[in-house]
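Student: Using the hints provided, position chain B relative to the given structure of chain A.
As you go down the protein sequences, you meet chains A and B in turn.
Counting from 1443, one number per residue, gives the positions in the first sequence under the numbering used here.
Counting from 50, one number per residue, gives the positions in the second sequence under the numbering used here.
These are computed hints drawn from the structure, not numbers from a lab.
It should be emphasised that the depicted structure is a prediction, and the values quoted were computed from it without experimental measurement.
Just so it is clear, CB atoms sit at the ideal spot from N, CA and C, and this is done for glycine as well.
There's no promise every hint is true.
[What the hints assert, rightly or not] Residues from chain A that keep clear of chain B, each with C-beta distances beyond 10 Å, as calculated: (1) 1445; (2) 1477; (3) 1554; (4) 1686.
[Said to hold, decoys possible] Which chain B residues stay away from chain A? Per the calculated CB distances, all over 10 Å, these: (5) 183; (6) 259; (7) 282.
[Unchecked claim] Listed next, the in silico SDA-like pairs over lysine to any residue satisfying Cα-Cα at most 20 Å (straight line): (8) 193(B) x 1605(A); (9) 230(B) x 193(B); (10) 196(B) x 1459(A); (11) 193(B) x 1459(A).
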Amino acid sequence: MLNTTIALIRDTFREAFARRIFWGFFGCCTALLLFLMFIMGIDVVQGAIATVTIFGRTSPTRDVQDLVRQTQSVIAMVLYFAGMALAVFASAGLVSAVFEPGRIELLLSKPVSRTHLLLGRYAGNVLVIAANILYLVIGSWIIFGIKTGVWGWGFPLSSLCTIFIFSVLLAVLVLVGVLWDSAAVAIMATFAIMIVTPILAQKATLERLLDSESSRNVVRILYYMLPKTSDISVIIRHLITNQPVDSWMPVWSTALFGGVALALGLWRFQRRSF
Amino acid sequence: MDRVSEFAIETEGLTKVFRSRWTGRELRAVDDISLRVRRGTTYGLLGPNGAGKTTFVKMLLSCTHPTAGRAMVFGRDARETEARRPIGYLPENHRFPTYMTGWDMLDFYSALSGMEETARRKRIPEMLNLVGLDERARDLRLGKYSKGMLQRVGLAQALMHSPRLLVLDEPSDGVDPVGRKQIRDVLQTLEQQGVTIFLNSHLLAEVELFCREVAIIQKGKLALSGTVEDLTSGSGYRVEGLKVPERLEIELRARARSFGSSNGSLQLLFATREEANQAVDLLRSNGCEIEALGRSRSTLEEVFIKTVEAL
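Next up, chain A with everything else stripped away, as it sits in the complex (with noise of 0.2 Å):
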């Protein structure tokens, strides 16, 4: 069972590292951490920043605090929203993969489990994207810390959350991957998710905008049933700024979305005959 865990994981590593998604990201990443470490000069002064200065100009002073938290959110939102569009345009392919004929059919001749396969594919997937974002975000938090000395645990942890989220918006495209077998269907869907979810969290706004009840409670229905991307950006934000988090709801239905999108996916893999 874990010898073909790993052998699934593994597998799903070599295909990133051949379709250089892997190399892509692992490059944008260094890049950031680079230009962290050599570009932006940061001088402390007893506990105060004395200059910020970057590419040789030097800014006015700050608090050094302020100053890491504002940078750490700036990046954790980038890797939210450009990361995770990017992640999910590239593991669109490795899911589809799976699926292509003459492939399949070796993979299913094999005494495991459907569910066993579609999962360790899964797992790859999420480790491979999981392992560059820890990459980026450990990266620049240990950068920070040495640079200021300022420790928070909030930006490590915001990274979870976006580990969370992609995992999320993968079994979405696990779902459509195995009902059409097309990456291009899959990113579509996962991107219109994403479009869409960030406007349904203005749901008071949108209440008040339209005139019937019926379609404010289509606005309510799709607000809970969809992954609430928008408000777990306001959670990451409040975990770096150290801020407390109103609610974690968005964080559990989120969850229970991707759950439901995951076990239909399976659901659907058992059932197909390829």
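Tutor: This is chain B only, laid out in the frame that chain A set:
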């Protein structure tokens, strides 16, 4: 452990109907096939393109779910995960991951077959050697392999975990004649070791040479099955004589069911043993030499074409 069954493969009324999602039209790819393949035999599945051979094989491996009927492998329902443990499979039109090397590929698929890492490391060089792939091939990406090399490594993959049932879909497709001979030799060794070999091929000469039993399917139905020996044995007797005088030749031609001549030899086919014996007596009494004598045989190709055209 296997359940007690004298058959490696057993199907009862196995049926697969594909329905179009939009039009609702039905296609009976496999229609009520009941088949038994004894342990340790070499069995060939024949049929024209689109006859349902691959769908049948896919149901044995649970890649495709049957609409009706059931398939058993060594007495176990083919839908059970454990039923696939003793099976080695080489698919037709395979698409092995091109990013893997020969070594990676064998390592990955044998891990899925449940082999431990130490056993895999020991077995991989043996299997590459067995199928005639050299040291260079083991570290070469599959994307750079030729068609013949892919078939060989595919066969090695199917043999890695020492399966007791080998299901091969067009195993010598794209392989040169020397390679075919090598593959046949490997399969013959496995047969001697008691491995059941289920061969799906359109190369009738290859099947005739290698398989003991065959089944022919046409339009999803089982058209004919039996031993190659029985299916190719003809219903008549063949007599071939040399230096036959013209007068006798005319007489024998009149008695024979069919005849032919070439290079001074007269070939005659008689319906019964008595007629053949009488012809031999006549030839000998006229001082003719007997070149050949025996039961007439059909080739598997003739049997195949006759069966397929009859449906």
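Student: Could you check the structure against the hints above and give me the numbers of any it violates, in ascending order?
Tutor: Hints 1, 3, 8, 9, 10 are the ones this structure does not satisfy, whereas the remaining hints hold.
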